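Student: The lines below spell out each chain.
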Amino acid sequence: MMEITEGSHAVAEAVKFCRPQVIAAYPITPQTHIVEALAEYVANCELDAEYITVENEFSALSACIGASAAGSRTYSATTSQGLALMFEVCFNVAGMRLPIVMSIANRALGAPLSIWNDQQDSISLRDSGWLQFYAEDNQEATDLHYIAYRVAEESSVLLPAFVCFDGFILSHTYEPIDMLTQDDIDRFLPKYTPSERLDAADPISFGMYATPEYYHEFRYEMDRALKESKAIIHKAGKEFGQMFGRDYSAMVEGYRLEDAETAIVALGSICGTTKDAIDEMRDEGKKVGLLKIRVFRPFPTEDVAKALLHVKRVAVLDKNISLGAKGAVTLEVKDALYNSGIPVKGYIIGLGGRDVRKKDIKEIVALVEKGQGDMFYGLRTEVL
Amino acid sequence: MRELRIHGRGGQGSVTAAELIAIAAFEGGVFAQAFPAFGVERRGAPVQAFVRFDDKIIRKRSQVYEPDYIIVQDSTLIKDVNVFQGVKKGGIVIVNTERVPDFKVPEGVKLITIDATSIALKAIGLPITNTSLMGAFAAATGEIKFSALEHALNHRFPKELAINNIEAARQAYDRVKGAA
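So the protein sequences, as listed, match chains A and B.
Read in the numbering used here, the first sequence has 454 at position 261, and its numbers run on one by one without any break.
Read in the numbering used here, the second sequence has 97 at position 102, and its numbers run on one by one without any break.
Just so you know, the hints here were simulated from the structure itself, not pulled from any lab data.
Every value quoted in this text rests on a predicted model; they were computed, and no experiment measured them.
All residues carry an ideal CB built from backbone N, CA and C; glycine is no exception.
Don't take every hint at face value.
DSS-like, lysine-lysine: derived pairs with alpha carbons at most 27 Å apart [claimed, not checked]:
hint, chain 1, residue 1, chain 2, residue 2
1, A, K428, A, K384
2, B, K105, B, K154
3, B, K84, A, K555
4, A, K551, B, K51
5, A, K555, B, K105
So these bits of chain A aren't anywhere near chain B, every CB distance computed over 10 Å [as the list claims (entries may be wrong)]:
hint, residue
6, V235
7, R319
8, H365
9, T404
10, G465
11, E562
Here chain B stands alone, though its shape is the one from the complex (with noise of 0.2 Å):
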């Protein structure tokens, strides 16, 4: 089984990304389960979501101790809230920030940044990210097909916000798999 947790402030659309990952992932031929850890109910509010990926049925129901991803939606959040804890040896932690990171990931754990929000206020004209980096993480992870993402936004979203965020998602994906 492998694990993803996806951090956020409320209103940036973590529960959703998390949805349509699984989503996606599903269409690939896995079990996936997405759920999400409110804590109170407002925008700006630290937010957690989680997605489980398994070749058979997913049983387990806590939230997502250690990770084999980690995507952090926000870099801000990452002074208040331990993003990176428990994350596992080799795994990934995407995070979206235009600067130079000034923080430092667990040994043996791979980091990619990206400059989500640009991407984002460019081709939605809004700084809403989680699609930029759903595409981010189906380029760095492969867990997702980016057709199958694709799929996902186009039955979520009315059809030019589906547009322009499958063109979000596209520029972070062909971004994360140039740099590799």
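Chain A on its own, in the form it takes in the complex (with noise of 0.2 Å):
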């Protein structure tokens, strides 16, 4: 039923459908709002769940590993700084397999401070091992929580999932949202049953000491599983759209890409704003169109190029920057599209909350027709 409701509030109610067994979290702007949601639901048993109020996120991810190893279903939350604490622990989650399933509301890292979006915190991870979503809208926010833990709980994955929406932009916003149903939700997510886990009366152990001998073969191990998973996100997201309308089985979408000649290449609440700008330039006589990236890991490389192999440029904007080198996303399509001979610029956008505009996406679409690009787009040079 299409309901108006915040994008915090949203996704809380999304998550308590998944049935989560224990949640363990740490409240930090913007991402508050879903946890106290949670721990409401919890205090009025309308989730049967446990939920561990802890001193900080390195242990709230830590509680997760915990009730996790011993299969439960687990949920956490952060942003920002809670997830740079979070570092060693998200490393630890994905080497022992853990389907844990957190959602971070994106925001930019200190220092300085700042509370407001970019996607630096959820980029600055993309090495740890956790399948990363991003949502375009509150829709898609909550939608992709299911697809999320169905494909991390997969046993061929098994590994964990961040939701990324970006905070205030969407965390904070209300708008219309078609909200699945508690037996929906049953019929799409079965029950977690790992096939091993913490059990007294079998023990086993989870992230052993690994020797030089096995160290190697572990990691590999995780990229594979990472890889392969794009299979499972392809029928989970099918499996979804059969069941309500609205198909996750692509990992890239495109918008009026079909016959672009500039693609604009982007991931997360910014694609809104960029269909709007395109809509405008193609009322002007512009090929422009956009590819929108929904997974960023594991990174559909093949599904880039098969996308963009068309074009004639391509402008990729990056709310993250890897310092002293370039955007995290650019790269990934400069490798995808590598040999191609298609040119591909990068363009820093919209760090630390600073808003973009339609006439700034133009913009960039009038930068690279000129070429010119792999640059801070937007700088106050005044302040520098």
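Dock the two chains into a complex; use the hints.
Tutor: Quick look at the structure:
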């Protein structure tokens, strides 16, 4: 049923429908509304889960490790500095192959302190082994949680997943969402029944010491599972579409891309404004299209290449910067189009909450047409 | 697409006003989007909140620069912040003030002033003006029905608080309707 609600509350409700058995989280702006709502569900007995209050994010995700290893469906949420504090734990979760799902209300990283949106936080964990989904709007932000659990818990995957949605821009936005029901999700998401779990009667260990004879292969297996998860994402997304009408089988999504000469590549909420800008540019006769990347890890290299091979130039928008190199999405797209001869230019945009408007997208299209790029877009040179 | 920008100070309920206006608009059968722009998060600091209304799904996520409507919760903001910036010709500006305006809105823009603070003090007992201004907005723009606003307020607030806030909204609604 369509209802109008805040992004964070919608995400909390979606998480409730996933029936997590253990939740451990620490509040941090702009993620706080999610865990507040979940704490309320648990307190009101609307959700039968153990809600563990902890002293910080390191403990939050550590508590999730124990719960997940014991066989529980486990959830956390964080952002920015909170995720940074989880850095070590994130690698442990993935290494122990625990399918924890965590919402990230994307926010910039300090210093300087910023509570506002960019995607530096989750992008900085790109090498940790977690799947990374990015939502364009709050409909996707809710739906991707169902997909994330379904994929993460698949026995051939068993890796954790971030569901990323832009802080404030989505987390604090009220907009209409088609909320599914508990019955819907019970049909889509089976109970989590891991084949291996901590059990006092049948003891095993997680996260053991790996000597040089074994460590290399551990990493290989994680990489293989992440790459093979593409097929699982496709299957789960397709099934979701068949059941509820919104098809998430594709990891990338084109918008007016079929006959485009200039392609913009982006992830997250910036795609919405970009689509509006594209419609206006199309009205002016410019052949511009968008390739939205919904899954950043595993990276859909082949899908990106396939979707872009016909265009004349590509502009990649990055709400992150690998300082000293380029934006993370730009690097991936350049890799995907290596040898194609198609020029790919990157634009660092919207860091720390800098607003992105339709006119910015149009200016970037003008820049890429002139061959100018691989730059910070919209620098206020007067403050440099 | 029509756009509303609300200017207030932290603690005055600008964000709540945007949310409830969006909820009421959605009840009326249009797509609506409400979101805040926080500065530093503390009481008294200038705050903006935005609402968009459209007949189709709203994809745009940038802030509102060329609003059709503006609500100013606190007229002392006018000297600190360019609250009327970008307002469209034919737009409507609603300012909470008890005085005869000593400021000008851009040409071709309709100004409505209302003493929302007095209304709120009488109806709610607190100088929280957001609900009165929602009533004024409903009357001035027709974007939301008063009944939808009433539902939204009833849903958001505990009973007594809802009754008082609806009263404040109604008084402002009637005053703006009466003046029209």
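Student: Each hint should be assessed against the structure and marked as holding or not.
Tutor: Checked hints:
1. A C-alpha spacing of about 18 Å is found between A/K428 and A/K384, which places the hinted pair at or below 27 Å, so the restraint holds.
2. For the hint linking B/K105 to B/K154, the alpha-carbon distance of about 35 Å lies beyond 27 Å, and the restraint is violated.
3. The suggested pairing of B/K84 with A/K555 holds, with an alpha-carbon distance near 25 Å, which does not exceed 27 Å.
4. Among the hinted pairs, A/K551 with B/K51 is consistent with the structure: their alpha-carbon atoms are about 18 Å apart, no more than 27 Å.
5. Restraint check for A/K555 and B/K105: the C-alpha separation of about 32 Å exceeds 27 Å, so the hint is violated.
6. Against chain B, the non-interface label of A/V235 holds: every CB pair exceeds 10 Å, the least being about 22 Å.
7. With 10 Å as the threshold on Cβ separation, the claim that A/R319 sits away from chain B holds: the shortest Cβ distance comes to roughly 23 Å.
8. With 10 Å as the threshold on Cβ separation, the claim that A/H365 sits away from chain B is violated: the shortest Cβ distance comes to roughly 6 Å.
9. Annotated as non-interface, A/T404 keeps its C-beta farther than 10 Å from every C-beta of chain B; the closest such distance is 50 Å.
10. The claim that A/G465 lies off the interface is violated: its Cβ sits roughly 4 Å from the closest Cβ of chain B, which falls inside the 10 Å cut-off.
11. The Cβ of A/E562 lies farther than 10 Å from every Cβ of chain B, with a closest approach of about 22 Å, so its non-interface assignment holds.
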